[in-house]
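Residues per chain, in single letters:
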Amino acid sequence: MTDEQKFFVHYTAPKEPPPSRHPPIRDSGIIGWARVNLFSSLVDTISTLTMLAILGFAGYLFLDWAIFKAQWEVVFLNLRPLGSGPEFPPEEVPRIELSIYILFFLAMLSVGFWGRVRGFVFAILALIAVVTIVVPIVADAVEEPTIHYYIDANYNIRQVNFVADEGEVLTFTLDPVTDKSDFDNDKLQGYYGNEKLPNPAMDAFAAAIGEVNRGAIDPANYDLNLAIQIWDRRGQVIAQSDFSQGTSESTVLEWESPAEDWYTVTVVRDPNAPGENGIAWFKIDDLEVFYSTRTETRKRLDRFGDPPRLNCEGCAISTNRTDLRFNGERTLAQWFSLQLAPYLTEIRMFLFISLAVGLVGYGFGQAGKVQLDRKLMSRIVVGLWLLSVPVQIFVIRGVGGEDFLPRLSTTDLGGIYLTILLSIAGILASFPIGILLALGRQSDLPVVSLLCTLFIEVVRGVPLITLLFMGRLILPFVADALQNADLVIRLSIVLTLFTAAYLAEVIRGGLQIVPKGQTEAARALGLSEVYITTLIVLPQALRAVIPAIMGQFVSLLKDTSLVALVGLFEVTGAMRRLLSDTQTGYTLFQREGYIYIGIVYFILCYVLAEVSRRLEETGAGAARR
Amino acid sequence: MTEKAKREKPKIDHSGQPIISCRAVNKWFGDFHVLKDVSLDVMEGEVVVICGPSGSGKSTFIRCINRLEEHQEGQISVDGIELSNDTRNIAEIRREVGMVFQQFNLFPHLTVMQNITLAQRYVRHRPRKESEERTMELLDRVGIPEQANKYPGQLSGGQQQRVAIARALAMDPKIMLFDEPTSALDPEMIKEVLDVMLELAYGGMTMLCVTHEMGFAREVASRVVFMDGGRIVEVAEPEEFFSDPKHDRTKLFLSQIL
Ligand SMILES: Nc1ncnc2c1ncn2[C@@H]1O[C@H](COP(=O)(O)OP(=O)(O)OP(=O)(O)O)[C@@H](O)[C@H]1O
Ligand SMILES: [Mg+2]
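Residue numbers (my numbering), protein chains in the order written: chain A, 1 to 625; chain B, 1 to 258.
With the rest of the complex left out, here is chain B (with noise of 0.2 Å):
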């Protein structure tokens, strides 16, 4: 822990382009209005912590950045891809962006290995051992290896959401979304989550997450979003954010929360 300590958060410059930009997103389910006006620029190598109370669109808004949902106003664009009815235009942006979601969502009929090799050979076309590799390499890294040839069933709740975070990295994304990843576990098993979670952000990685741990924030978030209602309340870097909160409702909820 002390070596991670010692490492720096990665400067972020605001002058160039943004990877993921959005503008005036609006999206209604049925009548109900979940995101109001929602405007948002994420740079290359940023993390993004997004926090607020339930039901307030937070999950939705990420969704919408991969097109799990579809925005009916406003521009999202990513990586300079404008997210649009366009198949092609889809396809092309969910190979950029990797998902974790708090239910895991593995696949129960699959090893782990199959996993997570499945979608580099059926989306990235790669020949079956280059990716049997990769699927290695990435379990390596999240602390599994020896996990490869059981089932998801077979593993405990943090495993499960590392296979899912390595299942999302194979396909190299360059932005990754986390919904919650770890409030589905027990306390044991947050923290190994977390730091696979802390290291990928060291690495460089750009990461929206959707995340009620505030040590996390505090620790490699380059800005903390405050959502309620479907509208952005407050965005400010953590420091600013946890010491300092401009709004009224952030500050009940920093209140509640802390």
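Extracted from the complex, chain A is given alone in its bound form (with noise of 0.2 Å):
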């Protein structure tokens, strides 16, 4: 008989239970989690090696694009229209950051004193100010590409302006293209990338080419009459090359600058005899081209004044710096000193001033949940809270004075901030509104409840984008009160109430599951029906269903987007606008705008998430079944 037998057969514990021991290393940690949920099997490996080589392709597919060959300068550029919106008065947009310092700094506030912030955010923060700084100035040292103009008959002679040194020798050449050779794929190479170009229609070049695949053009038949001008700062034409009489010779001019100021090339067509068909590139050599950010911009403007407006028959369609296509694949070197150190030095103020104000409100309440009472504290913190909404109503609506802060419209109000305002808005009037509606469709009254019901379905029967179409056209007919109400409140009262009334039906699920218990035993202890609602019914379905209740948020938030269909401009409606403009050339850059779009409203649905998350983990939402 070995020991093992003998134990279970007659068996007495020691009186002193054995002692807690840690568990086993292997199952802790990275590595036991890994091998506990990745390689636990054969298929269990297969399978996560299989992910893992999915990922890491689409991975690389999308990083090799988004670096070598996107376009970011839609983005970069253009960061006062999509952060603040395209109508929004460029010399305001201080205005607009302090608003979101003010609501950054509550936040972060609120934040320190009932939550608390998980170390992988500072550290990711903390990451994005070394990047932010280091970036631009490690890609300074980088050299911008050749750059290639694309020139037809028809309308893409364009203007470029730029700033050139005194006795710099700048060399311009127009290249007839005239064999139908040179319009194979290939050649589209380095106008976008090396792909295809996405959408032909909308890009003349692309057009060109389908012409002469079709045979409409033959690029033979070249008989364009071009001539390149150079135009200083006061308008005047300063060089010109010969008109190039239809030949197929390369037109080239060579020009010395003779002092540093703005100057502008552009190709013209000979009055007379401008010919009709025909294509060439425009190629500039050796120039620094209006192609910086707008900080760099204002410098040269503080500098040397406005660049010259051209007014001359035949010349210019006038764009701006971001006509610019890049040439080829370029370099990650290339990619941080032209796509992203441009963006960070656009953005690295604000950001800073926004991580300096976050930290002191994170500070202030984290120092507050330690040195003050909870009870003054919170009462603080929600006192600034309902104080910051005037101010931010100051701030933004202006005063009307002269200099100091003029009245705006707040139609002229868009991009990330309009998204931002009208989410919060959205979120702050629709949960009570919602509450009422979910109490009021269980009333005993038949009228309330049948009138909350009547609204809730009505709500959801109909699709947003009809009911902002109302909000837009019907509600001022309606409601003489309404008639004076400018659109952007207009419409968040439309998003308020279709929020509420899903919200409505959200709560209604969590009223429902409270038992029916807790009534009664509220009811007995001869609590009145509002204190039972208030104290005992609403914290536990609210408790129950806050999962829900973000979800619905971040429905809002998300449908913030519909509003660009009836006229305003928040982020999607302006990064829309940019997108359609065929002068700026932005048409071509749908895919660098909506990935943009598409990381912006992930940032801004995370925030939101990862608040619900503490809700649900902590205090107060904890369930405590």
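In case anyone wonders, no lab produced these hints; they're calculated from the structure.
Keep in mind it's a predicted model, so treat the numbers as computed, not measured.
Each residue gets a CB set at the ideal place from its N, CA and C atoms; glycine is no exception.
Everything hinted at is true.
With a cut-off of at most 27 Å between alpha-carbon atoms, the simulated BS3-like pairs for lysine-lysine come out as follows:
{"#": "1", "chain 1": "A", "residue 1": "LYS69", "chain 2": "A", "residue 2": "LYS283"}
{"#": "2", "chain 1": "B", "residue 1": "LYS11", "chain 2": "B", "residue 2": "LYS174"}
{"#": "3", "chain 1": "B", "residue 1": "LYS9", "chain 2": "B", "residue 2": "LYS251"}
{"#": "4", "chain 1": "B", "residue 1": "LYS191", "chain 2": "B", "residue 2": "LYS11"}
{"#": "5", "chain 1": "B", "residue 1": "LYS174", "chain 2": "B", "residue 2": "LYS191"}
{"#": "6", "chain 1": "B", "residue 1": "LYS36", "chain 2": "B", "residue 2": "LYS251"}
{"#": "7", "chain 1": "A", "residue 1": "LYS516", "chain 2": "B", "residue 2": "LYS36"}
{"#": "8", "chain 1": "B", "residue 1": "LYS174", "chain 2": "A", "residue 2": "LYS516"}
{"#": "9", "chain 1": "B", "residue 1": "LYS129", "chain 2": "A", "residue 2": "LYS369"}
{"#": "10", "chain 1": "B", "residue 1": "LYS150", "chain 2": "A", "residue 2": "LYS375"}
{"#": "11", "chain 1": "B", "residue 1": "LYS150", "chain 2": "B", "residue 2": "LYS129"}
{"#": "12", "chain 1": "A", "residue 1": "LYS369", "chain 2": "B", "residue 2": "LYS150"}
{"#": "13", "chain 1": "B", "residue 1": "LYS191", "chain 2": "B", "residue 2": "LYS9"}
{"#": "14", "chain 1": "B", "residue 1": "LYS246", "chain 2": "B", "residue 2": "LYS11"}
{"#": "15", "chain 1": "B", "residue 1": "LYS150", "chain 2": "A", "residue 2": "LYS516"}
{"#": "16", "chain 1": "A", "residue 1": "LYS375", "chain 2": "B", "residue 2": "LYS129"}
{"#": "17", "chain 1": "B", "residue 1": "LYS9", "chain 2": "B", "residue 2": "LYS174"}
{"#": "18", "chain 1": "B", "residue 1": "LYS9", "chain 2": "B", "residue 2": "LYS246"}
{"#": "19", "chain 1": "B", "residue 1": "LYS129", "chain 2": "B", "residue 2": "LYS174"}
{"#": "20", "chain 1": "B", "residue 1": "LYS150", "chain 2": "B", "residue 2": "LYS191"}
{"#": "21", "chain 1": "B", "residue 1": "LYS246", "chain 2": "B", "residue 2": "LYS36"}
Computed list of chain A residues with no C-beta within reach of chain B, every gap over 10 Å:
{"#": "22", "residue": "PRO17"}
{"#": "23", "residue": "VAL117"}
{"#": "24", "residue": "ASP270"}
{"#": "25", "residue": "ALA273"}
{"#": "26", "residue": "TRP335"}
{"#": "27", "residue": "LEU351"}
{"#": "28", "residue": "ALA367"}
{"#": "29", "residue": "ILE380"}
{"#": "30", "residue": "GLY383"}
{"#": "31", "residue": "ALA609"}
If you follow the hints, you should be able to join the two separate chains into one complex; please do so.
Next up, the structure:
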């Protein structure tokens, strides 16, 4: 008989229980986790490796495109319209920044007091800060690639503003393209990375290619009569090449800059014999073109004044620097210098002030938690939030001063700021309304319950976009008071009511899962119905549906994008407008634009989701059954 | 226990005004006649145990007394106030009548302390400090002062039920209603709750208990009420009820549970 067999025949545990021990090492930590979750069996291992391969490949494809081919200028040259709306006066942008700082300060103050920021968030923020400082410095040294312009007879004769140093010699070249074989797809390289044009119909060059391929244009029939002109700041032509006379020879203009100043180069057609057929490349070599960020631009504007305005027949659809097409694949260094650095330079100030303000707020919150009485501190925080509402209105609407905070129309607001504004207003207003609707629907009074039910079902039965159109077109005629309310307010009412209807149903679900015993116990204690609802039922009901409520708020955030369709330019609308502008040529950069929008929404939603998760985990939301 | 056994059952004087008086109470759930001509008087300080088979209407009856259920015919008056649809009357009666449920019904989102102070503050309008002191006193009495800052979900069933009793007592009720307070508990915990109830009974509290704890009935009940099919079948003092039941239905019931 072995020891083990003996063990179970008769057994009495020793008087002292054995001490608790730590779990075996191999089951904890990352390695243990991976072993258990990723590689526990052959099938697991294979599927893990497959997934990793797929993810890696997808990531590679994306980064390869995003870094080496994509054109992010549409984003970083347009941070103002994307951030505060295309209609918003640029000189008033600091007001929006101030508004955001206030908001961020209060948000972080609340987080510091009621919650906690996880370590990894700090790590990410620190990383962003470091990258923001280091990249522009490093990127300064990288050389910019040569720029090619596409010119054709119909409309793509363009104007480029640039600053040249005194004595700088520049060479401009017009290269007629006369051979059909020049139009195979390989020639598109350098025009839009290595890829075919995404939307040929919207682009002159692609259109021309199409015509050539169809045979409508024979490049051999080239008869354009073009010349290169240089203009100075006063609008005088100071250099001009000969007209090309329809020959297929290259036209070259070598020009020496007389002084350090603004200049403009353009390609003109001879008004007397313009020529009708032909396609040409316009190349500018060794030229520091108008190629930089807003701050750089501003520096030049300060120094040299406004760029020249051309006013001549036959020349120039005026375009700005964003016309510049990237030629060929760029290097990683060029990506840093031409794509990432300008973006970071643009947002650097704003980012740092935000971070600083946020940190201070968080610090105050944490300090308040330790130093002050909880009740007092929460009064202070709530009071500050309430106080911030008139302050925000004051900052954004203005006081009508001449120089000091001139009055602004809310319809000028747009961009990410409007998205945040509509979301916050919607969240704050729809929550109580949703609660009231849910309670109303459950009310014993048939009229109240019927009205609430009717409202909820009607709103839920109509698409949001329809409601938004109604908000824009019908509401003003129905209610006089709304006649003068501006579009932003009308639409935010619509968004609020829409969200409230959905919230009401979510909350009603929560109300139903509070056991009847809870109300009975409260009644037996003599609590009045109002107290029963507010102190016993609602807290439990809301707690039970926090994830669903937060889901509604996330929906609201994303639904704000629909106001773009009824005339407001929140971030999606602003981007749509940029991308549909054929003059600037952004039509080519739909992908970059929408990916950026996606990232913006993701970040905003992630913040909301994180708040929701914290609410569920911590005091206010933990399930304690 | 020996100390408790020595204690005297309070003497009940049946000559005065009853604190609870029910006259020919009838109630229907839809077409279903749950209470049929139920009449009962309870004197101040009395401990009345109500028993009977499942579905006989015991819960419904005592829930009528604090208007958790509405009766359709007959009169119920509590402490001289007649129950009617007047919400002020209802509120007043509920203030005087505490109730303990089978499922405890503690508020899970509040701590034990908050559970007990809530009604004191919002119904009795006691200042916070006073209500907290009262709470600690009651928690002491039910034997769990150290649990004040826990949430109900962190307590055992017996502890939860004792909190529920403390919560009801905090309103200083004249009458306590118990609806099977021990039947959701494990045997080990039943005793701790019964001890609290016994002490209350010896303290002179008027109590109406739906329970099948016959030991409890024997020890402190002044009368035992047996219900069946929605009516009161027999009312008797416990010695008589257990040793010499009159009605056949009572005999059958006792033979099944004893
Ligand atoms: N809300 C209600 N609607 C309809 N019928 C009900 C309702 N509440 C109770 N009943 C019915 O009334 C009868 C009496 O119920 P009650 O809960 O008073 O019985 P009980 O004596 O307490 O039984 P138990 O010992 O099982 O708790 C039962 O037949 C029950 O099905
Ligand atoms: Mg019952």
